[in-house]
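Asker: As numbered in my numbering, the sequence shown has no gaps in its residue numbers, which increase by one up to the final residue, 759.
Some hints could be false.
No farther apart than 30 Å at their CA atoms in a straight line, the calculated lysine-lysine pairs in the DSS-like style are these [said to hold, decoys possible]:
{"#": "1", "residue 1": "709", "residue 2": "725"}
{"#": "2", "residue 1": "709", "residue 2": "746"}
{"#": "3", "residue 1": "641", "residue 2": "742"}
{"#": "4", "residue 1": "641", "residue 2": "725"}
{"#": "5", "residue 1": "742", "residue 2": "680"}
{"#": "6", "residue 1": "742", "residue 2": "708"}
{"#": "7", "residue 1": "680", "residue 2": "641"}
The hints are simulated quantities; they were obtained by calculation from the structure and are not laboratory data.
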Amino acid sequence: MNFEIKRLRGNDILLMRDLLECFGTEFNEPDTYQEKQPSDQYLGKLLDSPTFIAVVARVENRVVGGLTAYELKKFEQTRSEIYIYDLAVKESFRRKGIATALIDSLKPIAKERNAWVIFVQRSG
Numbered sequence: 636m637n638f639e640i641k642r643l644r645g646n647d648i649l650l651m652r653d654l655l656e657c658f659g660t661e662f663n664e665p666d667t668y669q670e671k672q673p674s675d676q677y678l679g680k681l682l683d684s685p686t687f688i689a690v691v692a693r694v695e696n697r698v699v700g701g702l703t704a705y706e707l708k709k710f711e712q713t714r715s716e717i718y719i720y721d722l723a724v725k726e727s728f729r730r731k732g733i734a735t736a737l738i739d740s741l742k743p744i745a746k747e748r749n750a751w752v753i754f755v756q757r758s759g
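All chains should be built: construct the whole structure from the sequences, respecting the hints.
Answerer: Shown next as structure tokens:
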């Protein structure tokens with residue numbers, strides 16, 4: 636299966652909204668992700684923030700998954716960590732390497748930012 640991985644920037648508001656729809660559906664949390672979305676201005680500033688990272692996976696220009704992450708500056712040493720906050724792939728597109736590709740897309744970002752680890756907390 637061919638898919639594209641794309642890091643979102645401040646002008647990718649519609650793709651961010653598609654990602655929020657995906658999260659709301661896949662996490663079964665429409666109240667959190669779909670019904671009270673922030674303004675375009677807020678999302679644009681967030682996507683341009685140096686500490687926020689959003690990446691989507693697309694198949695035929697449709698968002699089928701994605702992740703959001705934060706760069707956490709550490710206090711004990713001059714380094715950062717990348718914390719994956721949300722990660723989801725639509726059910727019909729799972730087991731095709733998309734989640735792995737999304738996580739792998741963070742590696743060059745982590746290296747560029749002197750982040751020594753990428754981590755995610757497991758829920759459930």
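Asker: Starting from the hint list further up, note which numbers the structure goes against and sort them upward.
Answerer: Hint check: 1 fails alone, others pass.
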